[in-house]
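Protein chains: 6
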Amino acid sequence: MARIDGRANDQLRPIEIIPNFNRFAEGSCLIRCGNTQVLCCASVEERTPPHVPEGEGWVTAEYSMLPRANRERSKRDISKLKLSPRSAEIQRLVGRSLRACVDMTKLGERTITVDCDVLQGDGGTRTASVTGGYVALALALKKIGAEDALKTSVAAVSAGIVEEQPMLDLCYEEDSCAQVDLNCVMTAEGELVEIQGTGEGRSFTIAEQRELVDLCAKGIEALRTIQKQVLEG
Amino acid sequence: MARIDGRANDQLRPIEIIPNFNRFAEGSCLIRCGNTQVLCCASVEERTPPHVPEGEGWVTAEYSMLPRANRERSKRDISKLKLSPRSAEIQRLVGRSLRACVDMTKLGERTITVDCDVLQGDGGTRTASVTGGYVALALALKKIGAEDALKTSVAAVSAGIVEEQPMLDLCYEEDSCAQVDLNCVMTAEGELVEIQGTGEGRSFTIAEQRELVDLCAKGIEALRTIQKQVLEG
Amino acid sequence: MARIDGRANDQLRPIEIIPNFNRFAEGSCLIRCGNTQVLCCASVEERTPPHVPEGEGWVTAEYSMLPRANRERSKRDISKLKLSPRSAEIQRLVGRSLRACVDMTKLGERTITVDCDVLQGDGGTRTASVTGGYVALALALKKIGAEDALKTSVAAVSAGIVEEQPMLDLCYEEDSCAQVDLNCVMTAEGELVEIQGTGEGRSFTIAEQRELVDLCAKGIEALRTIQKQVLEG
Amino acid sequence: MARIDGRANDQLRPIEIIPNFNRFAEGSCLIRCGNTQVLCCASVEERTPPHVPEGEGWVTAEYSMLPRANRERSKRDISKLKLSPRSAEIQRLVGRSLRACVDMTKLGERTITVDCDVLQGDGGTRTASVTGGYVALALALKKIGAEDALKTSVAAVSAGIVEEQPMLDLCYEEDSCAQVDLNCVMTAEGELVEIQGTGEGRSFTIAEQRELVDLCAKGIEALRTIQKQVLEG
Amino acid sequence: MARIDGRANDQLRPIEIIPNFNRFAEGSCLIRCGNTQVLCCASVEERTPPHVPEGEGWVTAEYSMLPRANRERSKRDISKLKLSPRSAEIQRLVGRSLRACVDMTKLGERTITVDCDVLQGDGGTRTASVTGGYVALALALKKIGAEDALKTSVAAVSAGIVEEQPMLDLCYEEDSCAQVDLNCVMTAEGELVEIQGTGEGRSFTIAEQRELVDLCAKGIEALRTIQKQVLEG
Amino acid sequence: MARIDGRANDQLRPIEIIPNFNRFAEGSCLIRCGNTQVLCCASVEERTPPHVPEGEGWVTAEYSMLPRANRERSKRDISKLKLSPRSAEIQRLVGRSLRACVDMTKLGERTITVDCDVLQGDGGTRTASVTGGYVALALALKKIGAEDALKTSVAAVSAGIVEEQPMLDLCYEEDSCAQVDLNCVMTAEGELVEIQGTGEGRSFTIAEQRELVDLCAKGIEALRTIQKQVLEG
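Chains as they are written, first to last, in numbering that gives the first Met the number 0: chain C, 0 to 232; chain U, 0 to 232; chain Z, 0 to 232; chain S, 0 to 232; chain R, 0 to 232; chain D, 0 to 232.
Keep in mind the hints are simulated off the structure, nothing from the lab. This structure is a prediction, so every number in the text was calculated from the model and none was measured. Built from N, CA and C at the ideal position, the CB exists for glycine as well. Some hints here could point you the wrong way.
Stated by the list, open to error - Pulled a few chain C residues facing chain U out of the computed Cβ check, cut under 8 Å:
id : residue
1  : Arg2
2  : Arg75
3  : Asp114
One chain only, chain C, in its complex shape:
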């Protein structure tokens, strides 16, 4: 079975990361993974929320889709007076992932909020938010002279089983008919920070789960190279 866009099963979609897309944020980028586009902006504030120990910093994330990011327009959260539960889930994931990169003591008493706003969504918006969010975060830390607070990098990608075939980096068409969907967030050292897998159409064996993690690991290595180029460029 050929993939809808002709990719090999272990191949990422074309990735583009435009750094400093927003001129006001301390760090920002527009990340494109195929037709998925997420604007990631890291904002630094010189105070921390109450739960943070004195002398330490905090990193958090917010995630949202613009109303017409998808094939059909969806209502804004504010018109329903509810944060979309899916957004709530995703922004918790992105926040945990980005915190894994930062030494909070070296950051000092600051909060960095990474806003991930999906301009166009074609599958993989949560993993693009982690990958692009890391770039925004790293640029912001450089801008404020706190690069040493960066312990490692993170990047993320999904893999899934579509028509019984394991595939890397599902686009919307693939995602919407995937039997299994799994995504991983990994560090520069190739270790896991987050793993989330779901049997959408059927359950999956432990062996299948392992194969999907291996696919993700491969994709993340490629993403890491692109992140480095952007940050060093």
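Mind docking chains U, Z, S, R and D on chain C? Use the hints.
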């Protein structure tokens, strides 16, 4: 007194309108007015709200700023559970302006929602939303084969008095110290659809008000030319 | 064409302002403009919101309609959990207008909130709120011995084009079929503080806009006389 | 001990009921009990909520205080995004009381909503809302030709123990230092529809409770006479 | 007429109070009154809300039903974004009742919040919340060594008129067809703290009201004995 | 290193499942895993949400913690007007897990809502909600004669790395200092439905991830035996 960016007092900032920026919306554009950037997406739905007479259509607008559109990050509406009153005011203005272009009977029983999301705000976001929103609307009408529902075009710009001098198209630095701020929405025929003026630092004479309207009229003519080029291009 | 209530085109409806209608507010009045009735109460608090510079005061307004102020009952904001966007727009206008009268340094570190609650609405509620709100504000400043903080007065009225004729101070029936609706807020010196005009049924020329402003200026002069009588009485 | 306003312990405050205060509501009145002023408007709609059996009608009430109804300004419900729990409690009481007067089958498939908005509160606003709400309801039923749906009338008053003395119709000063506060809603036949009593400063004996009910019964008889005069006048 | 569960008209349902049902709360119990089950948890915090005078404490209550506490599932408050008005009314009653037991000066600057969560509701949940809430409160005061702040005890029960017969402690079936429903909260001394009575199907005489209070008084005496056993056991 | 409660590293806490704990729900149980207690109630409604294809059914879940489920009291969602993001995330997980057991066509046009309310939380509340939620769901399907809609069973447990040792079924003390936390939902066939792993204190290798999944698989087998006993008993 020279303007901060060297423009003449009756000169617009550089304008760029990128049509079809979003691949899913029936019509869309990214409009740049200097450093202000607004993504305008027109979405068509085949139903109308209850207050619309049978056989007619409806055009409405929503306006929002991304959290880091400004120099300082602001909280999302949903985290305050309130639509920003400023956004409420602006989206009512944009909606009225766009409705002025459309023959609702020719549109038929459809709703077109024009989402104006400010990616970067440097003054003039409400007028950019009208100018770009018109382009998105016109593209959507073309896409669905309802160009004949378009009665006229609209474009908008602001003018103000800064250090006692009338100036066209204020950027943020000018806007934040303006004594008077006025914006106009005008049709292709050079008639007014909306006028809103505010004395921020002082009141203003009827003569001053007239001068500002004349400045706006001049700027809107230039904007109309750009809109036409984009739509015909 | 004769007006529905027999007025001349440049004639105000009967105006009545009952000062001190509420016994608890520092300043208050009930303003009647024809069948429109707005209760305006100015409340003084000895603290200011965070955005106000130290040593200065603040003036703000809130606007709301009682559920049966209109021909049809409308739901309360709280049962929809949303401030009506129209109310949001109007209370911003009233607040800006009243702030134009006050020297914030002379007011000192106090907030004056002017609540404008429409008991009955028959057109012109926003302009009645400005005109009555000024009276409530002036009475409150007198009560707390801060009359010197008052720089000028403000009053407001609307004008519109109905069946191609420019008319002053539209009542509901006129307003609901107006082609153009414009309102002005002006100071004691006859200068503009706010101008808002909308083409409801059609666009309007700059010449028409000027004519409507001139009509408003005439009406506001009459309103100013009534305000003075009430405040001096 | 003399009462603050010189009344006898079993004496009501001066009562005034101005019928048809609002020109749009099907029935309305402004009720004044001493310095307490409540605007009661009854609105008729030709549909019923889902829980109402077919062929029957529904009567409901809403209660709210204007921000400056009291000695200190309070925030609007909408700015806290919560219906005041006290208002919730009171509007349930008023609704139940008014429903006790109406034969829902004779009313037919209509909803009557009685809005009780407190313009000025000086104690006894919930009982004034019942007493005035009944007048608004009766006027509305007359207006729509459904007087026969009225089974009885209701009126309400409070009594309390202040400095160990039972007193009728507490004003704010008395209410705020009452040891016991009890209110009754009674029909034209002198039967109870609602009774609510609270020991604020101390508990109270069954004998005291009986004495307060007897005081209320006396006051309600006087209120009923005023209601009749207004409705027959 | 025999009662649905064979009880005498002046007989309580079987009562069970399991103390310390929750291991984290300073005081807690599960109270069962027939098929009604309420989990009452008293939580102590070392601070007070702003309205409490310095040096004094505060006692408050919250009441909620689990979605499937009743015969039909009801939506959670959070999915409607509104505290149920009925819950608002009940938690105010429970809070007032429990405050009647406590000497706030002896409590000191602490807040005790008593959460009453209905696991299963079969009539009488508000009175069970008072009776069980008192036990949770007393246990919490003992745990923090503040027993001397307890001035008295409270317990509560309902009585009603069903098919013209006065009955004690209505279960759901009785409650839903009761003509009159009345509940009392009383102290250890047999004095009233709260009384609330409603004519659901018809109004009721003062004599009937007295008979229902007497029934309640009898039931509360029995409840008080059970409370003592639990607290002393 | 010994575990805080003396368990072996691959040993579950004592599990108890009391079926039919709530008499109104079509299916219900109270599940206890050590000191964690969750009340699971399955409610059947004869209609489905709009997104469900005709002829099919739907299964969904809601999750909430009582305010004093934890060591410290937390505010109710409704008093913050926000569904806790953690609850939003968990109820999505529980819903997906339970849907994996049900053949929606055989269920027919019904919605089953499984409410998981945490009475006491000591770690593992989300996995207890899945395990207990399945029992409530299965009981409800039996009650309505739709057992054949059950395709498989699900149960869930967590495992984590604490002080560098992999451990099964973390209690609160272990969970709050875990370096890695991972939970699995598995079917009767031992296949995965959900996997979620997070590096809290450090990242983790793919090998560690595999070991934790194996631990979970072992625990889930034991849970499945208990579920069967309860459902067959």
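So which of the earlier hints does this model not fit? Result: hint 1 breaks, nothing else.
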